Amino acid sequence: MSEEKPVSISRAAGVVGFFTLLSRVTGLLRDVVMASIFPKAMTDAFTVAFTIPNVFRYLLAEGALSISFIPVYTEYRRKHAEEVERFVHATFTVTACVVAGVVTVGVLAAPALVTLFAGGFADDPGRFGTAVDLTRILFPYLLFVSLMALSMGVLNTLGHFVMPAAAPIFWNVISVAAGLGAPFLGAALGVEPIYILAWGVLFGGVVQFAVQVPPMRARGVRLRWNPQFRHPGVIKMARLMLPALFGLAVYQLNVLLSRLFASFLETGALSSLYYSQRLIEFPMGVFAVAIATASMPTLSAHASDGDLEKLKTTLRSSLELTFFVVLPSAVGLAVMAEPLVAMLFQRGEFGHDMTRITALTLMAFTLGVPSAGLVRNLVPAYYATSDSRTPVLASAGSLASYALLGPLFAWRFGVVGLAFAISLSSWINATVLVWRFRRKVGDLELARLLPNVARMLAASVFMGAAVWAVCLPGEWARGGNDLWNLLVFGAALGAGVLVYAGAATAVGLPHTRRVFQAVLRRRSRPAGR
Numbered sequence: 001m002s003e004e005k006p007v008s009i010s011r012a013a014g015v016v017g018f019f020t021l022l023s024r025v026t027g028l029l030r031d032v033v034m035a036s037i038f039p040k041a042m043t044d045a046f047t048v049a050f051t052i053p054n055v056f057r058y059l060l061a062e063g064a065l066s067i068s069f070i071p072v073y074t075e076y077r078r079k080h081a082e083e084v085e086r087f088v089h090a091t092f093t094v095t096a097c098v099v100a101g102v103v104t105v106g107v108l109a110a111p112a113l114v115t116l117f118a119g120g121f122a123d124d125p126g127r128f129g130t131a132v133d134l135t136r137i138l139f140p141y142l143l144f145v146s147l148m149a150l151s152m153g154v155l156n157t158l159g160h161f162v163m164p165a166a167a168p169i170f171w172n173v174i175s176v177a178a179g180l181g182a183p184f185l186g187a188a189l190g191v192e193p194i195y196i197l198a199w200g201v202l203f204g205g206v207v208q209f210a211v212q213v214p215p216m217r218a219r220g221v222r223l224r225w226n227p228q229f230r231h232p233g234v235i236k237m238a239r240l241m242l243p244a245l246f247g248l249a250v251y252q253l254n255v256l257l258s259r260l261f262a263s264f265l266e267t268g269a270l271s272s273l274y275y276s277q278r279l280i281e282f283p284m285g286v287f288a289v290a291i292a293t294a295s296m297p298t299l300s301a302h303a304s305d306g307d308l309e310k311l312k313t314t315l316r317s318s319l320e321l322t323f324f325v326v327l328p329s330a331v332g333l334a335v336m337a338e339p340l341v342a343m344l345f346q347r348g349e350f351g352h353d354m355t356r357i358t359a360l361t362l363m364a365f366t367l368g369v370p371s372a373g374l375v376r377n378l379v380p381a382y383y384a385t386s387d388s389r390t391p392v393l394a395s396a397g398s399l400a401s402y403a404l405l406g407p408l409f410a411w412r413f414g415v416v417g418l419a420f421a422i423s424l425s426s427w428i429n430a431t432v433l434v435w436r437f438r439r440k441v442g443d444l445e446l447a448r449l450l451p452n453v454a455r456m457l458a459a460s461v462f463m464g465a466a467v468w469a470v471c472l473p474g475e476w477a478r479g480g481n482d483l484w485n486l487l488v489f490g491a492a493l494g495a496g497v498l499v500y501a502g503a504a505t506a507v508g509l510p511h512t513r514r515v516f517q518a519v520l521r522r523r524s525r526p527a528g529r
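Counted from 1, the sequence shown has number 505 at position 505 by the numbering used here; the numbering is strictly sequential.
Worth flagging that the hints you see were computed from the coordinates, not collected in a lab. Because the structure is a prediction, the values reported are computed rather than measured. Every residue, glycine too, gets a C-beta built ideally from N, C-alpha and C. There are no misleading hints in this set.
Here are the computed lysine-lysine pairs in the DSS-like style, where the Cα-Cα straight-line distance is at most 30 Å:
hint: 1; residue 1: Lys236; residue 2: Lys440
hint: 2; residue 1: Lys440; residue 2: Lys310
hint: 3; residue 1: Lys236; residue 2: Lys310
hint: 4; residue 1: Lys79; residue 2: Lys310
hint: 5; residue 1: Lys236; residue 2: Lys79
hint: 6; residue 1: Lys79; residue 2: Lys440
DEER-style ranges, computed between Cβ atoms:
hint: 7; residue 1: Glu309; residue 2: Leu404; range: 33 to 41 Å
hint: 8; residue 1: His352; residue 2: Ile235; range: 53 to 61 Å
hint: 9; residue 1: Arg78; residue 2: Trp411; range: 50 to 58 Å
hint: 10; residue 1: Asp353; residue 2: Leu446; range: 41 to 49 Å
hint: 11; residue 1: Asp123; residue 2: Ala187; range: 24 to 32 Å
Working from the sequences, and respecting the hints, build out all of it.
Dropping the structure here:
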């Protein structure tokens, strides 16, 4: 196995962010296709069926599994190099066996799971039955995405970020093709078109894992069957995972409760919640997650070496990069909520009434974007220091607040209230994490970030005012197929980027220049690993 090379977090985050952006764009295209082709009742059923395996995905694959694997893998590479191959083989084998068992149970228990996630469907047998069938089709996706997550951990630790970040693009493109072809294939096969979309999503998951195998083989990592359930590395991972699973389960209960509460609201509420959350995932998935992904191996290395000062410096750098992009993103999403939803979704089955409610839901979600950025960076820092207990406590506090506030706000404000309650609970989570991590490793010196964060906020507000003014002439009730709206929307996007870059430079932020220089350096160098 080849040695990992030191990787600049900002450069690695740029690579991850670029391909994640492409992934989010293609994923958004899938959602646009789904919103315009399928009726609200079908998209509600699909949203529930897609949420169920994704909850387990975030628990097992992109949650506890990834977070616990990278620190142990890093430790083996540094201290037990002779055992690395056996550890990797055992980890992949044990993961495949355990997740296959979870998939089997999930397929058999699909009716109970749909009842748990969408109790409001009980009065609509057609929608309930469709959700059960879709859940059974989609659940095996969990196996392939879990193996993909392990592959991503291996490649990221070895300094390769391109293919793990690009893999979801394949998945989304296949899903888009399935959605576009669903009405024709469904008619030819005599099945509901929504089932064709589900099969496309499953096949895309298989491809998403398969494309990780060649770059792993190129770096000397080959997958072999090794059912060594008692391997010391596997046991250490399990010990890290158990409390992590509980903590992430607490967080995912927020997802379960939001779907459950929304299922009792008007038809389309689940879809509005889903589409607005998908839009929020742009700044979170492209930037915050990219930065957290890029910093995780470095944080783990500093923690393994016992160098807490370097760990805190890395964390501060990651947080500052995160705020540089999530603050203007939150302001931009709030200001452009109605134009954005109208341009992307308002066509076909998606009417202007859905645009208005989805836009308001999106605005409520933007209030929690900065806190979510904090959480995304702090949780990997906890796991890098082998502390999985504190994120559990923080998530538990967040869940308790949402369980109380969710029904209260939903009763008064509907699906918009649910989004607002989620944002509030995210701030509670972030506050607890910051407070406890400061007690764990000493003063984080976050005050050093305040001057730049204040400048970022000022530049974001100035950008938001400019974007709002540019959007005023738009006729958003006419939807996304209107040429005038397209021109106004494009002008607003361009104005947002230019005004923020200019304002950030004017108030003395160096980040725009650094990003530009990093891109130039990357383009001027031959493609490497």
